[in-house]
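Colleague: Sequence:
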Amino acid sequence: MKNKYLKETIECLENYREYKERLELKKGFLKKLKSERENNDREADIKSTAYDVTPAKTNKVTSIVEKIAIKNIQMEVDLEDEIDSLQFYIRRIDLSLMDLKKEWRDILELKYIGGYTWEYVTRKMGLSESTCRRYSEKGIKALANKIKGDESYIDLPLFKYIYIDKVE
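Residue 149 in full-length UniProt numbering sits at position 149 of the sequence shown, and the numbers go up by one each step.
It should be emphasised that the hints constitute simulated quantities derived from the structure, not laboratory data. Predicted model, so just to flag it, every value in this text is computed and none were measured. Just so you know, not all the hints are guaranteed correct.
The list that follows gives simulated cross-link-like pairs (lysine-lysine, BS3-like), each with its CA atoms no further than 25 Å apart [to be verified]:
(1) Lys141 with Lys4
(2) Lys32 with Lys20
(3) Lys4 with Lys138
(4) Lys101 with Lys7
(5) Lys20 with Lys124
(6) Lys34 with Lys67
(7) Lys67 with Lys27
(8) Lys102 with Lys124
(9) Lys20 with Lys148
(10) Lys20 with Lys146
(11) Lys20 with Lys102
(12) Lys67 with Lys26
Could you put the whole structure together from the sequences, leaning on the hints where they help?
Modeller: Here it is as C-alpha cells:
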C-alpha cells in the first residue's frame, strides 16, 4: 500500500543525492564569500571580521559601503541557515538508513539514491527482482516509520481512528 508517507519517503531518497550536491555547493560558496570578505578586510586594514553598523541619528544606514557589508553578512547568515537545514535533512536520512537491515539499505541506496534500474540492482545484489522489490518495499516502510513516526500509519484503516484529528 503506497500512501503519501511512502511516496514522500521515496522522494526523500530520490532527492538525497541532489541535496548532498547542493550542500557541498553552498558550503563552497560560503567559504568563498568568507575568504573574500577576509581578504577585503586585510586590504582595507580592518582589524575585526564583523561589520558593526553605527547608525545615524535616524537609525538609517547611509553609506553604500555599509549597505553592501550588511547585505554580504546577511547573505552569509542565510547561507549558514540553509546549510544547517540541509545538513539536518541529510543527517536524518543517514541515521534512519543506518537503522535498516543491510540488504534493505543497500537496495534503497542503489535504486532510489543511486537511481539505478531494477536490473542493475538485482545483478549487484545477487537477488531476484521480486526479492529486491520486496526488500525495497519493506525498507521504504521501515524508513517512513523512522522519519515520520506514527504519522506514517494514519492512512491505514485501524490507525485512522486513533489519529482522527490528524487525518485530512
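Colleague: Starting from lysine 67, check that the Cα of lysine 27 is at most 25 Å away, please.
Modeller: Between lysine 67 and lysine 27 the Cα gap is close to 24 Å, so the pair holds against 25 Å.
Colleague: Straight-line Cα separation of lysine 20 and lysine 102 no greater than 25 Å?
Modeller: 22 Å, holds
Colleague: Hinted pair, alpha-carbon criterion (25 Å max): lysine 32, lysine 20. Please report holds or violated.
Modeller: 18 Å, holds
Colleague: Given the proposed pairing of lysine 101 with lysine 7, does the C-alpha separation stay at or below 25 Å?
Modeller: The hint holds at about 20 Å.
Colleague: Has the given pair, lysine 20 with lysine 124, been kept, meaning a C-alpha gap of at most 25 Å?
Modeller: Roughly 24 Å between the alpha carbons, so the hint for lysine 20 and lysine 124 holds.
Colleague: Regarding the pair lysine 102 and lysine 124, is the alpha-carbon distance no greater than 25 Å?
Modeller: 14 Å, holds
Colleague: Between the alpha carbons of lysine 34 and lysine 67, is the straight-line distance 25 Å or under?
Modeller: 17 Å, holds
Colleague: Is the Cα-Cα distance between lysine 4 and lysine 138 25 Å or less?
Modeller: 16 Å, holds
Colleague: Within 25 Å, alpha carbon to alpha carbon, are lysine 20 and lysine 148?
Modeller: Between lysine 20 and lysine 148 the Cα gap is close to 21 Å, so the pair holds against 25 Å.
Colleague: Would the pair lysine 20 and lysine 146 pass a check requiring their Cα atoms to be no farther apart than 25 Å?
Modeller: 20 Å, holds
Colleague: Within a Cα-Cα threshold of 25 Å, do lysine 67 and lysine 26 meet the stated pairing?
Modeller: Measuring from Cα to Cα gives roughly 23 Å; hence the hint holds.
Colleague: Need the status of pair lysine 141, lysine 4: alpha-carbon distance at most 25 Å?
Modeller: 11 Å, holds
Checked against the numbered hints given earlier, the structure satisfies every one of them.
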